[in-house]
Amino acid sequence: MISVSKLLCGLDAESDGLRYDAADGSKKPQITEDKQQRPVVVWNTTKRCNLYCEHCYAGADAEGAPNELSTAEGKALIDDLAEFGVPVLLFSGGEPLVREDLPELVAYAADSGVRPVLSTNGTLLTRERARELKEAGLKYAGVSVDGLPERNDRIRGEEGAFDAAVRGIEACLDVGLKTGLRYTITEHNVDDLAGVVDLLTDVGVDRFCFYHLDYGGRGADISDVDLSPEATRQAVRDLCDLTREYHEAGEEIETLLVGNYADAGHLVEYADREMGSDRAELIYRYLERNGGDPTGERVADVDPVGNVHLTQFWQGYSPGNVRDRSFGAIWSDESNPLLSGLREREERLSGRCADCAYRSICRGGSRLRALSAHGDPFAPDPKCYLTEAERGGEEALARLDAADRSAPADD
Amino acid sequence: MVEKTSRSEGANGPRSADGRRFEVFVREEESDPLRHVGTVAAPTSDVAHEEASKLFAWYARDVWVCPAAEVSRYSADSLAGEESATEPSDDADEPRVYEETEGTPTASCGGAPAADADDAGGSR
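If you read the protein sequences in the order shown, they are chains A and B. First residue of the first sequence: 1, per the working numbering; consecutive thereafter. First residue of the second sequence: 412, per the working numbering; consecutive thereafter.
No lab work stands behind these hints: they were computed from the structure. Predicted model only: the values in this text are computed from it and were never measured. Zero decoy hints are in this set.
With a Cα cut of at most 25 Å, we get these calculated SDA-like pairs of lysine to any residue:
| # | chain 1 | residue 1 | chain 2 | residue 2 |
| --- | --- | --- | --- | --- |
| 1 | B | Lys-465 | A | Ala-354 |
| 2 | A | Lys-134 | A | Asp-111 |
| 3 | B | Lys-415 | A | Ala-329 |
| 4 | B | Lys-465 | A | Gly-375 |
Work out the full structure, taking the sequences as your base and the hints as a guide.
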């Protein structure tokens, strides 16, 4: 997760402490003073969902999964996560609001010292439910919207889903809950992106979180509508421009990019071209702290029946189930060769990722896409959109002093 | 005298939210023990072997897979303790591993039922 608004515009947010250490000099309180040592955990609390989105990584449906974690098991899981030092628990699904015990679980997480946040399609969020969740301790709601009304409803498989999601966003904002947009970019909706930002900025959304398509669940079935590298490059450049325009106009929206760490190199190159080498160097240092793609390290997932996954998108493999042993025991078990391999992936990356000048701030991008495309978790991410010259360090990096880049950041 | 461990089978039940899953075991060198490395989602044992091989072929000499729904699990602890687990057995001599998983595993569990009702509910 890369904060474009932080890197290009200097906007501080509470979660920047997780991404870039305590955002030094931040005006806002930070979640942690140290670089994140434990993963943010996504918990797919249920597989049930009232919508049927074309790109759903969880393959959610109306049926749900048999044997989903009970309320008591959910609380025990939260105890495990708290004991392990997990900083943030993202309640996700399916649609988490179909679980009647959601406020109880949110309150339990908050009381346990794990910051509870929510990922929802927003269509079931009334003001009453938003207030109940806020009072339970919820800190943030991310609502998925994937296009302007007609396009969004087609992607989400339900007429009226856009309007219902916007009502959900408004309900959250009405009760004072920080609320953001989640938008997965594909060929189907890239043209709506600026229009959605425009529309929801007026609604008052605090954060825009843009996801590259990852090839998990139903997302793997639509990899043919993923953007080409050239189109991805253009979309990210447009987002950078858009973010800066909003900030220059006094709109302090937070803009995040998720799911393709080629964005890291691209941001350095963009800053070097548009804002100068000093900004590019500052961004490089922040991204070095951020640590690149977080798979198997700074993000984890627990599915509805307790299987742990290396990211929420990579549901096809699990190193263990929390019904057998604690999350901490599973996550710390580096006798698992894949887990340990991912944690030393820079030594294992192959092809163009192995020689890339940006590998220390990207770390190979999506290992799931590499696996999907090449059958090898250490092969190159097929969706890297940097140019050969950029990967070779012949552009922005050639203008940054190598010694400065490797020095500890002190900004 | 060492006190014997009391275990229950509270952790049994469907283990997949996305179709059938297989437990995966790998062995690095011939003299090494098999190591459990997790589960993969797959419709058949052959596909499970293929998926597991992508993840561990660079490491493992042997890759064994077994349908997750065919494993009976007896554990000293369950996630939610007594609230959801069945009562521990009074028989402290309960074998550590249920007999269905003992013996010599085969390279793949090709005889497992193709339609696994416990793991039904999704597809990949």
